[in-house]
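If you read the protein sequences in the order shown, they are chains A and B. Letter by letter, the first sequence follows residues 1 to 299 in the numbering used here. Letter by letter, the second sequence follows residues 300 to 568 in the numbering used here.
Mixed in with the good hints there might be a few duds.
Stated by the list, open to error - Partial list, computed: chain A residues near chain B (C-beta under 10 Å):
1) Thr60
2) Phe61
3) Gln98
4) Arg185
5) Pro214
6) Val224
To be verified - Ranges of calculated distance between the beta carbons of each label pair, as one might list FRET restraints:
7) B/Leu353 / A/Val33: 19 to 25 Å
8) B/Asp312 / A/Lys184: 23 to 29 Å
9) A/Phe199 / B/Thr430: 52 to 58 Å
10) A/Thr158 / B/Pro373: 36 to 42 Å
To be verified - Stretches of chain B that chain A covers, calculated by requiring three or more beta carbons in the stretch to come under 8 Å of a beta carbon on chain A:
11) 334-341
12) 470-477
Hints were generated in silico from the structure; no laboratory data involved. Even glycine gets a Cβ: it sits at the ideal position worked out from N, Cα and C.
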Amino acid sequence: MEPVSARTAAVTESDRRFYRHRLPVRVMHWINVVCLAVLLMSGLGIFNAHPALYWGRDSTFAHPWLAIWSKNTPHGPVGVTRIAGKDFETTGVLGLSQSNGQPNPHAFPTWATIPGWYSLALARHWHFFFAWIFVINGACYLLWTIFSRHLVRDLVPTREELMNIGRSFVDHLKFRHPTGDAAKRYNVLQSLTYLIVIFGLLPLVVLAGLAMSPRVDSVYTGWVELLGGRQSARTLHFLAAFGLLAFVLVHVFEVIVSGVWNEMRSMITGWYVVPREHPPAVPSPLPPADASLAKEMQP
Amino acid sequence: MKRPPTILMRARDRERRRLLRGAVAAAGAAALSGCDRLSNNPSFIETLKGAQRLSHSAAKVVAPRAAMAQEFGPQDIAPVFRSNGTLDPRDADYRQLRAAGFADYRLAVGGLVEKPGEWSLEELRAMPSRTQITRHDCVEGWSCIGKWKGVPLAHVLERVKPLPAAKFVLFRCFDSMGDPSPTAPDSRYYETIDLDDATHAQTILAYELNDRPLPVSNGAPLRCRVERQLGYKQAKYVRAIELVTSFDQMRGGKGGYWEDEGYEWYGGI
């Protein structure tokens, strides 16, 4: 065997254990998981009360840019989703779905909403209770992340990392994950994404949510105009929520492809096993038929 | 170190993945049915509803009574002001007043006050008025901009002089939400707001919408405008106003028709 493999083999798993996530980050992370799930699903329940979005100060009922509803056709009822004036039939998921064998003529299906039936009052109770926890948790995170220097030390990428953003991009596309010391730091695409979420999407979703409160609107008369008006704020709240959903889906996908047990352990106990260094490019010892599998098996 | 995968490893990997998928699906299903069970648990829902007290207290700090709702220009007025809830009350007493063009309508203001009063529409119109172009926000999520004219509620309250024990303003309305027959259980709309909102400069008893007498679908002859709260707090078809200490004994005890149906009493969010 070549010397490199012999050297890496000598490093045992316990030697590669690395304390990656401190307790406050782990606690706040899981509080956030619960909050975001409840907020998204109760939010979809609230949306079902008036399943249309507008841009501007008030609702131009005839011209929503997004609307989801059900309508009767000669072939029976169908679910329709209208985006920017174009209609799509979305029966089964949007506009018309099944719930316990019964047709459910609401925009989002019952499996996506809290509660799992149509109730604007209950959905609002869930939403506002968890919104408070979410905001308090977020404020604690911001303070902690600044004062513990987590922000400048771990989240803000270095100049060198930024210079190598292209390579990080290619690595992501090839599902190549950092190994060795590089795995102890967030990679550059990861830290930039976190920064966009923390300082972009999350403040936007909160601000646009607050802008929908007529009382909060009066804090400084007219501030809602900065978001384009109350109905624009409702649109931005919805879009930011789906932006967060997209982030979560990619985040979970990356966790799965980069080693789900290791990643989960590190966010629960804090301890992460640093993946071994990539061996230098040597001809694969595998027959070509197994090449794809070999890639998957790479630590 | 790269090792060729063995059949055993592949099987173990598949097994792991199957387990993981199963665990995620089971956790998801359990969480969903758990949420639904919690939604059916009255004490849990009471806990969730507790958040409105926090929201209300926070709102009082950041947006005190002097904070004004945004007002708009004539060009912002919606071509049709959307109406919601009751559109045409079926109650006999209302029908009778309506047939006579509300000439016999009297707004009675009483309860915990020094000088109870009763005013016709004409007398209300003769009082000082306020005109405002404001945005109406429905709990469902839509908004509509309209121009309202009416007498400030604060002025009416000055006339009747509330007693120190008065904490809330109760609006009794004409429209039955259920069966309107006199023998059926009382289901007439009602609402309560606190004195903080009642004495806000933009809280008016409106008799005009967009420069015309208030249409029936929008609450004729008189509706309340509480501009910093959602639509359901803004009683239409106002029949009488009462000052009260609490609303625990009124109907469902939650302070309003929709509140009794589960909505928050604080409708500023």
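Outcome for the supplied range 52 to 58 Å, where the beta carbon pair is A/Phe199 and B/Thr430 | Distance hint for A/Phe199, B/Thr430 is violated at roughly 43 Å.
Return the status of the interface hint for A/Val224: holds when the least beta-carbon distance to chain B is below 10 Å, violated otherwise.
-> Cβ of A/Val224 sits 7 Å from chain B, so the hint holds.
So, A/Thr60 near chain B? Judge it on the closest CB pair being under 10 Å.
-> Because about 8 Å separates A/Thr60 from the closest Cβ in chain B, which is inside the 10 Å limit, the hint holds.
Closer than 8 Å, Cβ to Cβ, for at least three residues: run that test on the stretch 334-341 of chain B against chain A and report holds or violated.
-> holds (count 3)
Using Cβ atoms only, decide whether A/Phe61 comes closer than 10 Å to chain B, and label the hint accordingly.
-> holds, 7 Å
Go through the hint on A/Gln98 and say holds or violated, using the shortest Cβ distance to chain B against 10 Å.
-> violated, 16 Å
Minimum Cβ distance from A/Pro214 to chain B below 10 Å?
-> It holds, given that the least Cβ distance between A/Pro214 and chain B is near 5 Å, below 10 Å.
Identify whether the interface hint at A/Arg185 stands, where standing means a beta carbon of chain B within less than 10 Å of its own.
-> violated, 24 Å
Evaluate the given range 19 to 25 Å for the C-beta pair formed by B/Leu353 and A/Val33.
-> holds, 22 Å
Are B/Asp312 and A/Lys184 spaced within 23 to 29 Å by their CB atoms?
-> At roughly 26 Å between Cβ atoms, A/Lys184 and B/Asp312 fall inside 23 to 29 Å, so the hint holds.
Mind checking, does the stretch 470-477 of chain B have 3 or more residues with a CB under 8 Å from chain A?
-> violated (count 0)
Honestly, do A/Thr158 and B/Pro373 meet the 36 to 42 Å range at C-beta?
-> violated, 56 Å
Of the numbered hints listed earlier, those contradicted by the structure are 3, 4, 9, 10, 12.
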